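J.: Note that the numbering used here gives residue 19 to position 19 of the sequence shown, counting from 1, and the numbers run on in steps of one.
Rather than coming from a laboratory, the hints here were simulated on the basis of the structure.
In silico SDA-like cross-links for lysine to any residue, where the CA-CA straight-line distance does not exceed 20 Å:
#1 23 / 10
#2 23 / 8
#3 42 / 32
#4 23 / 11
#5 23 / 33
#6 42 / 3
#7 42 / 6
#8 42 / 5
#9 23 / 9
#10 42 / 4
#11 23 / 35
#12 42 / 7
#13 23 / 34
#14 42 / 2
#15 23 / 12
#16 42 / 9
#17 42 / 31
#18 42 / 30
#19 23 / 6
In this text the structure is predicted, and so the values were computed from the model without any measurement.
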Amino acid sequence: MGAAAIVVAQVASHYSGKVAARKPGRYFAILLFAVSLFTIAKTWFN
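Model the full assembly from the supplied sequences, consistent with the hints where possible.
T.: Below you can see the structure in the form of structure tokens.
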């Protein structure tokens, strides 16, 4: 699940540069990446 979130975050950040609303897309990618890191940390250190 965490790996899927990282992939989605990378894809979202790649396509966010091509959209007129650049900052919201970038912030959403950062949010997805943070959630994926949290999920990985919670899985590994639980």
